[in-house]
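> Now for the letters of each chain:
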Amino acid sequence: MSDLSLQASRVSERSRGKPQPVFNFVRFKKITEVGLKSIYSHGLRSLLTVLGIVIGVAAVIAMLAVSEGASYEAQQQFRDLGASNILLKSVKPVEVEQSSNQGFGPPQTIIYGLTYSDLRTIEQTIPGVNNVIASRIVKKNVWNLGRSMNTDVVGTAVDYPVSRNYNLRLGRFFSQAELRDHANVVVLSDEVAQQLFPIDSPLNKSLRIDGDYYNIVGVMESEGFSNLGQNQAGSSNAAPSRIFMPITSSRTRFGETTTRQTAGGMESETVELHEAIIQLDNQDTVIEVGEVIEQILARRHDDVDYSVEVPLALLRQAEESALRDQIVAGAIAGISLLVGGIGIMNIMLASVTERTREIGIRRALGAKKKDIITQFLIEAVILSGVGGLIGVVLGITIPFIISLFWGMTTIVTPLAPILAFSISALIGVIFGIYPSMRAADMDPVEALRHE
Amino acid sequence: MSSVESNSSATSIAVPPGVSASSDVVARLEEIRKTYYMGQLSVEVLHGISLDFYAGDYISIMGPSGCGKSTLMNILGCLDQPTSGKYFLGEEDTSQMNDDDLSSIRGARLGFIFQSYNLIQQLNVLENIEMPLFYQGYGEEESHEIAMQLAARVGLAERVDHKPFELSGGQQQRVAIARALSVDPLIILADEPTGNLDSRSGAEILNLFDELHGQGKTLIMVTHSDELAERSKRQIRLLDGKVESDERS
Chain Z
1 MSDLSLQASR VSERSRGKPQ PVFNFVRFKK ITEVGLKSIY SHGLRSLLTV LGIVIGVAAV
61 IAMLAVSEGA SYEAQQQFRD LGASNILLKS VKPVEVEQSS NQGFGPPQTI IYGLTYSDLR
121 TIEQTIPGVN NVIASRIVKK NVWNLGRSMN TDVVGTAVDY PVSRNYNLRL GRFFSQAELR
181 DHANVVVLSD EVAQQLFPID SPLNKSLRID GDYYNIVGVM ESEGFSNLGQ NQAGSSNAAP
241 SRIFMPITSS RTRFGETTTR QTAGGMESET VELHEAIIQL DNQDTVIEVG EVIEQILARR
301 HDDVDYSVEV PLALLRQAEE SALRDQIVAG AIAGISLLVG GIGIMNIMLA SVTERTREIG
361 IRRALGAKKK DIITQFLIEA VILSGVGGLI GVVLGITIPF IISLFWGMTT IVTPLAPILA
421 FSISALIGVI FGIYPSMRAA DMDPVEALRH E
Chain A
1 MSSVESNSSA TSIAVPPGVS ASSDVVARLE EIRKTYYMGQ LSVEVLHGIS LDFYAGDYIS
61 IMGPSGCGKS TLMNILGCLD QPTSGKYFLG EEDTSQMNDD DLSSIRGARL GFIFQSYNLI
121 QQLNVLENIE MPLFYQGYGE EESHEIAMQL AARVGLAERV DHKPFELSGG QQQRVAIARA
181 LSVDPLIILA DEPTGNLDSR SGAEILNLFD ELHGQGKTLI MVTHSDELAE RSKRQIRLLD
241 GKVESDERS
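Protein chains in written order, with this note's numbering: chain Z, 1 to 451; chain A, 1 to 249.
Extracted from the complex, chain A is given alone in its bound form:
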């Protein structure tokens, strides 16, 4: 099993109970700091965050607005680079990567689920699901096959020809989940996945997350809803750019 060496010198939380001891670290944050510069002013948003994420875990990151959740999420998603510190995704340190390598690693190892779904309106369901695959250089038939399977898995096999605006919010979010799964990512990152949904659709999405967790996917979810967080296995609370608490349920 390919993995990060477990005898890493970095300080890390001990493998928590409930997660198999043989679990691997899929992502590791080491002393992550992020400072934004606005002219003369500089604001440090993250003040040295160190976290390990294990394969197959279901994590929620919570905290009030302005605590640095979004910034942390952007760094986890390789959309942004930390000012200092190291971020290992799989075995590689992404904090020094150039733009092209970051794009590759985003496409290959991460799946994104957004609050506002972020589907591309001109493309139909199937094409939306396929899209990340083309950037990874998959062939047309292979992509098609994978996308069809995933559409069926999220219960939209009948709707693959529809455009996003012809679908309900819940359905759109399910397309987004299928899209996130298409490259079989190391981690699925969800940013307020139920924020735009009514409670019933929201529940459906959360059930789908539970299912994914049951199948061994690694999920990291940003939310400020305690209700959502309770369904996850590990709850990390941020306050003012620091980890306030890190618990398992």
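Here chain Z stands alone, though its shape is the one from the complex:
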């Protein structure tokens, strides 16, 4: 009887229900172990199940890394144009172009574009203008003995390379003294140097434009990168190859009127200045100043024969479009995560049916509904979590490989893997809920009878 009384006392103690903590670590650990075992025992099936999540997470991270890298590159290019610069350009107005093509008779000279007085007005009326660099761009054939090429000859000021973050490869840029003296000196772009002087160094040699010879004092770095930037900035007359000379020399040698042979006859145009870079003290006001300049020019010109480009504004646009790209990329990747989640739900439902008997046994042995829910939910979360982890590893590796083989800039921000992983875990919970509820709602008697 003593055994019995012991039993009875133990029973009453237990049956009153040992006060159970809300979160029981041992039980949680056991449930997790069971979940891991079940996943492990169906190795291939589990792997296939999480594939959707793996791809989704990897896609989120890789796409974000690539678009982040691309937007960084674009922004870098606009930064090279100078964030505190405003670019003015002369543009042949549409109406003038049409009128000049009408009728016979002697060629009419079209006059358009920016003028020195425009720039003076801008410099004098707008505070904070640090420097104005005016340029003339004339298309010419340049010669080195027998070799020649057609290129843009840019007459400009000594500050031009600095203002555009454009560096010299050889020699020097022309000096203030040479600018003052209308000297016959030129600086070649890398492309022109390679074309005209394929073997020897062009430094201190001379080349011929029309009837005059010019001394070569320097060669610029390859324009590839910053030139791309200019194209993106919408610069219409950004030539792949150029040579630079003092603007004074350009005016003296080539004049302000250029004449071209066209299909309909002669066409000549007079442009005082083709391009001007307006440098401001700081970039805070650059967008507003750009608008003011536009107003000034609108008042001074009858036609819209100019364009105003603010690299910073373009940079902002680029940032906005980069954000839009990221949202689109994120949405696509999100869809694959969703598909992955549905895959997990599918397999969890199969697992619940398969393990009906087990559910019945557990219920008979004292598992509450919430224990069953927890068990299957943890399994779903483990599945999606493991998938998420594999995805994170892949998602970090893929951009690395892209950078390595295609030379694209990719940037994996720490936020992307964290975000993608959290979403994958969340998907495990969301898509695990329904199968878990199904498991918990089974009638224990029916479940035990299940074959």
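Keep in mind that the hints were calculated from the coordinates and are not lab data. As the structure is a prediction and not an experimental result, all values here were calculated from the model. Glycine residues also receive a C-beta, built at the ideal position from the N, C-alpha and C atoms. The hints are all genuine.
Some but not every residue of chain A turned toward chain Z, in silico, with C-beta under 8 Å:
1) Leu79
2) Asp100
3) Gly107
4) Ala108
5) Asn118
6) Ile120
7) Gln136
Below, simulated BS3-like cross-link-like pairs (lysine-lysine); rule was C-alpha separation at most 25 Å, straight line:
8) A:Lys163 - Z:Lys37
9) A:Lys86 - Z:Lys368
10) A:Lys242 - A:Lys86
Restraint-style ranges between C-beta atoms, simulated for each label pair:
11) A:Asp246 - Z:Met437: 41 to 47 Å
12) Z:Leu419 - A:Gly195: 53 to 59 Å
13) Z:Ile418 - A:Asp184: 47 to 53 Å
14) Z:Thr397 - A:Met148: 44 to 50 Å
15) A:Lys163 - Z:Thr397: 34 to 40 Å
16) Z:Ile433 - A:Ser199: 45 to 51 Å
17) Z:Leu36 - A:Ala152: 26 to 32 Å
18) A:Ser199 - Z:Met437: 40 to 46 Å
19) A:Glu141 - Z:Gly407: 57 to 63 Å
Given chain Z's structure and the hints, the job is docking chain A onto it.
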């Protein structure tokens, strides 16, 4: 000794000879009815069953198929609720309990032994024995200790690392018995415990039951084998949802 008050107004069979007068009622069925509804049709399977079960008793419930044994067993096991009537397990009326409380009481007061063993295949012997303990909130070490003791008691101390499919039927059933004992239940419910076993393994299981009875455990066994029933101390026969006979041997 905690017990159901003996002056309960419920009609109960007088304490039978052979069971100590000081024995307590561990379970009491009062006018249990169970009706199954299938659309328009309703079938009453149990027509008012009243029974008392005493601590330390060894009971077998017999009857032909369809007599309501399984239904009665499910109600005794708190897996199913009666349509009307009361079922006291220990001191509490379980017939009005919600699902969570029923789960708790199953886990804490009942031990199940099934015809087809119903072990969980992914878990080894020890883990199977431990399982009910975790649902009761036992600690890991405590559970481990209890499970090891019970494994030794059913003669499987050497096999605790084995998975169920590596064991014979008799061994699996012994694991199931150890599992049923793990929470030290008020009643052990066995449903055709030897139905899937050859006669030798079956005899082993029955010997184990005798041993448990000798140690004062309360056993209720459902069977349709007279041979098995003879080994128990009290034989209840059901027919068409009613108690046909209730005898002691």
